[in-house]
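Please build the complex by placing chain B on the supplied structure of chain A, with the hints as guidance.
In order, the protein sequences belong to chains A and B.
Residue 599, in the working numbering, is where the first sequence stops; the numbers in between run on with no holes.
Residue 599, in the working numbering, is where the second sequence stops; the numbers in between run on with no holes.
None of these hints come from the bench; they were simulated from the model.
Every value quoted in this text rests on a predicted model; they were computed, and no experiment measured them.
You may find that some hints are simply not true.
[Said to hold, decoys possible] To give an idea of the chain B side of the interface with chain A (calculated C-beta under 7 Å), a few residues:
#, residue
1, Pro208
2, Tyr233
3, Glu245
4, Asp249
5, Glu253
6, His256
7, Val261
8, Ala354
9, Met356
10, Leu365
11, Thr486
12, Leu490
13, Pro554
14, Ser585
15, Pro590
[As the list claims (entries may be wrong)] Stretch-level coverage of chain A by chain B, calculated; a stretch enters the list once three of its residues show a Cβ under 8 Å from a Cβ in chain B:
#, segment
16, 263 to 269
17, 586 to 596
[Claimed, not checked] DEER-style ranges, computed between Cβ atoms:
#, chain 1, residue 1, chain 2, residue 2, range
18, A, Glu475, B, Arg421, 40 to 48 Å
19, B, Lys594, A, Asn319, 39 to 47 Å
20, B, Asp500, A, Asp567, 31 to 39 Å
21, A, Met317, B, Asp500, 38 to 46 Å
22, B, Lys225, A, Glu475, 52 to 60 Å
23, B, Lys313, A, Tyr422, 36 to 44 Å
24, A, Arg417, B, Pro554, 45 to 53 Å
25, A, Arg530, B, Gly423, 36 to 44 Å
26, B, Leu412, A, Tyr422, 43 to 51 Å
27, A, Tyr422, B, Lys279, 25 to 33 Å
28, B, Lys225, A, Ile583, 53 to 61 Å
29, A, Tyr391, B, Lys594, 56 to 64 Å
30, B, Lys279, A, Arg417, 36 to 44 Å
Just so you know, even glycine gets a beta-carbon here, dropped at the ideal spot from N, CA and C.
There are 2 protein chains.
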Amino acid sequence: MALIGKVLIAQGGGPTAVINQTLAGIVLESRKFGEMIKTYGAIHGVEGIVNEEFLDLTQETSHNLEQVAMTPSSALWSTRVKPDQKYCNEIFKVLRAHDVRYFFYIGGNDSADTVHIVNKAAIMGNYDLRAIHVPKTIDNDLVISDHTPGYGSAARFVAQAFMGINLDVRALSGVYIGVVMGRNAGFLTAASAIAQKYPDDGPHLIYLPEREFHVEKFLTDVKRIYDRYGMCIVAVSEGIRDASGQPVITSLRKDIEVDGHGNVCLSGTGALGDLLTQKVKERLEISRVRSDTFGYLQRSFVGCVSDIDQHEAREVGERSVQLAYWNNASGSLTIHRTGYYSVDYRLAALEEIAAKTRLMPDEFVNNEGNHVTDAFKYYVRPLLGAGLQIPSHLRAPRVPKLLTVE
Amino acid sequence: MALIGKVLIAQGGGPTAVINQTLAGIVLESRKFGEMIKTYGAIHGVEGIVNEEFLDLTQETSHNLEQVAMTPSSALWSTRVKPDQKYCNEIFKVLRAHDVRYFFYIGGNDSADTVHIVNKAAIMGNYDLRAIHVPKTIDNDLVISDHTPGYGSAARFVAQAFMGINLDVRALSGVYIGVVMGRNAGFLTAASAIAQKYPDDGPHLIYLPEREFHVEKFLTDVKRIYDRYGMCIVAVSEGIRDASGQPVITSLRKDIEVDGHGNVCLSGTGALGDLLTQKVKERLEISRVRSDTFGYLQRSFVGCVSDIDQHEAREVGERSVQLAYWNNASGSLTIHRTGYYSVDYRLAALEEIAAKTRLMPDEFVNNEGNHVTDAFKYYVRPLLGAGLQIPSHLRAPRVPKLLTVE
Numbered sequence: 194m195a196l197i198g199k200v201l202i203a204q205g206g207g208p209t210a211v212i213n214q215t216l217a218g219i220v221l222e223s224r225k226f227g228e229m230i231k232t233y234g235a236i237h238g239v240e241g242i243v244n245e246e247f248l249d250l251t252q253e254t255s256h257n258l259e260q261v262a263m264t265p266s267s268a269l270w271s272t273r274v275k276p277d278q279k280y281c282n283e284i285f286k287v288l289r290a291h292d293v294r295y296f297f298y299i300g301g302n303d304s305a306d307t308v309h310i311v312n313k314a315a316i317m318g319n320y321d322l323r324a325i326h327v328p329k330t331i332d333n334d335l336v337i338s339d340h341t342p343g344y345g346s347a348a349r350f351v352a353q354a355f356m357g358i359n360l361d362v363r364a365l366s367g368v369y370i371g372v373v374m375g376r377n378a379g380f381l382t383a384a385s386a387i388a389q390k391y392p393d394d395g396p397h398l399i400y401l402p403e404r405e406f407h408v409e410k411f412l413t414d415v416k417r418i419y420d421r422y423g424m425c426i427v428a429v430s431e432g433i434r435d436a437s438g439q440p441v442i443t444s445l446r447k448d449i450e451v452d453g454h455g456n457v458c459l460s461g462t463g464a465l466g467d468l469l470t471q472k473v474k475e476r477l478e479i480s481r482v483r484s485d486t487f488g489y490l491q492r493s494f495v496g497c498v499s500d501i502d503q504h505e506a507r508e509v510g511e512r513s514v515q516l517a518y519w520n521n522a523s524g525s526l527t528i529h530r531t532g533y534y535s536v537d538y539r540l541a542a543l544e545e546i547a548a549k550t551r552l553m554p555d556e557f558v559n560n561e562g563n564h565v566t567d568a569f570k571y572y573v574r575p576l577l578g579a580g581l582q583i584p585s586h587l588r589a590p591r592v593p594k595l596l597t598v599e
Numbered sequence: 194m195a196l197i198g199k200v201l202i203a204q205g206g207g208p209t210a211v212i213n214q215t216l217a218g219i220v221l222e223s224r225k226f227g228e229m230i231k232t233y234g235a236i237h238g239v240e241g242i243v244n245e246e247f248l249d250l251t252q253e254t255s256h257n258l259e260q261v262a263m264t265p266s267s268a269l270w271s272t273r274v275k276p277d278q279k280y281c282n283e284i285f286k287v288l289r290a291h292d293v294r295y296f297f298y299i300g301g302n303d304s305a306d307t308v309h310i311v312n313k314a315a316i317m318g319n320y321d322l323r324a325i326h327v328p329k330t331i332d333n334d335l336v337i338s339d340h341t342p343g344y345g346s347a348a349r350f351v352a353q354a355f356m357g358i359n360l361d362v363r364a365l366s367g368v369y370i371g372v373v374m375g376r377n378a379g380f381l382t383a384a385s386a387i388a389q390k391y392p393d394d395g396p397h398l399i400y401l402p403e404r405e406f407h408v409e410k411f412l413t414d415v416k417r418i419y420d421r422y423g424m425c426i427v428a429v430s431e432g433i434r435d436a437s438g439q440p441v442i443t444s445l446r447k448d449i450e451v452d453g454h455g456n457v458c459l460s461g462t463g464a465l466g467d468l469l470t471q472k473v474k475e476r477l478e479i480s481r482v483r484s485d486t487f488g489y490l491q492r493s494f495v496g497c498v499s500d501i502d503q504h505e506a507r508e509v510g511e512r513s514v515q516l517a518y519w520n521n522a523s524g525s526l527t528i529h530r531t532g533y534y535s536v537d538y539r540l541a542a543l544e545e546i547a548a549k550t551r552l553m554p555d556e557f558v559n560n561e562g563n564h565v566t567d568a569f570k571y572y573v574r575p576l577l578g579a580g581l582q583i584p585s586h587l588r589a590p591r592v593p594k595l596l597t598v599e
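Chain A on its own, in the form it takes in the complex (with noise of 0.2 Å):
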């Protein structure tokens, strides 16, 4: 029999263009069960949580909540902690008091290891919960699942910048960067190869964070290419690291901040485009070198969202509540591709997801380690939606000149 009591939301980490298709869901579904007596939102994540921050979305209608659904960002608001044993016990405490038995966190590989840790002070309290932790990042880093929730959407970002990045350095010509997130994994970044329609498109180099960056091969690989097309197009993982492991972006500039995690703080920032824009202008002396780091329009940019990315987004959420009601189980939410494309859920152990990262297979990266595989192209192009614009050159012949000898 199913457990009476609240269900309570967060979300966690950055947002995500689809991540409140996930809380509507969550939300719609949890709504359908009596069990579930009520659903809260925790807002700003688990620091809503601990400090009792709640708003009552049983309330809320659901008119409102499917416009909330097609709004990017997380509605309930977000927050960076990483809440050790301590802050899990007193997530913990707060549950119990408001008679909370569904928790969903909706997050990354560290809103796992929260879940994770959540679930056995549970356990260990003798207190009946089920906790979910449902998928979300654009950095598609998570374990075991084909993909995750909100990546399709960044990625389809990535893809129709790099279109139109095509388009643009084409008719100016010169050298592009393009810096995109990803601070361990590559997969956002890799996603400028479907930018590639015409033999001589852009992308031409891809740099990710799962090969070491060596300045040098970098140079001469866009002199390779600026001298066959007379301009470079290059997108680059703001991760990037140099053989020593370090981000390339400490490694030219030492004034780098750091966030409480000790993370190096790569995005927000123009530095990393900045300094391989100088040394291509230093180093090749090509007049037009231009940078853009994408920073946060690529992932709550409004108006650019992938339909495969919304229906997995609401299916993680919907299954959750599911998979809590009738398995009575706990654990984390994991997509699987089951056809060319088609895909299906399961639920993992939570320990098995936690605090872990998935980097891009080998095979999704050629061999000189600057740009993507066929086999990464045919893996990512559903997960990018239908209606993607294709862009179109002129073919027409050209016209014999009248005054100038050849």
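The following block gives chain B in isolation, referenced to the frame of chain A:
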């Protein structure tokens, strides 16, 4: 009677999302008139003309032209060359050699100047020519016209970006600075105001090149907003100037690139955003301060376009051909607002447009010089087109605390 001869089209300056609508409009319309015996396209703008690098667009399929029309950035590629009298004489020589009788140059105020000089050369040379400047620029800085093709779509990108930023920054709090294109005119940066739906939505501060930028005033503004909302979202034009009229980017940093026309290179670098970020961190002691420079993403992003902008860009192309044919006229095509929202087109004298820059009128900027007025929002909204997504927040009631004493 209409002139008999060839049509030549060129595209100049920075690309836009709809510049190929104008190209398609000219090509398809010119095919209707038997006197326009062939339609050529110059590759890389005026550079293509002097080098006789032409595509015979008469042989391009209408279907592919429609596909290209939907593709952002200049399909004929572009140029930054700003012709002088001698260069314009070269252009005229080529036009005459190829029996070009209709010359359409799609571009901004520099392009209008080129058309003006070429037209005078034709008159001096007793050569019957119809020379039309067809407007485009994301900067919206052409005089006489209510607005320019290309602006609406770029403005839509900026508005959608800030909608997402509002949601993203709210989820994790802090200060955010978005740097938007605009050397002299602030129209594009000002469009960020359309992102404000809820009363506390950003951008809370908007800084334009039309007003002096004072770092101290900026810091006071940011502090006031941050103290009130726990977050502050700022939109800044890349071209903001200090009291001496110098771009802020040069007054803060000395190693800035200067282009062939002596213009400071403002785009393709995160320098201004990084410098303002640093000021806020140091002086206001706010820890989470992030900046994005929208750079080239805002100009040719595939999949972010205003339908109004598309229609008008197509029509200015069509109308240009019609006026050259039916009115036997030369000049610069202008857009005039006739209702809310309807437009019509006229032909202005080339010297009225050439090399002049329109700035934001005073009634569009607030008294403090750190935001826009409702008059501007009323002006800009229709240009962004239909189907602009509207973000939605949760409105569920708070749950009373059980453990915490308030």
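| message | I'd like to know which numbered hints this structure contradicts. Please list them from smallest to largest. | response | 6, 13, 19, 21, 28
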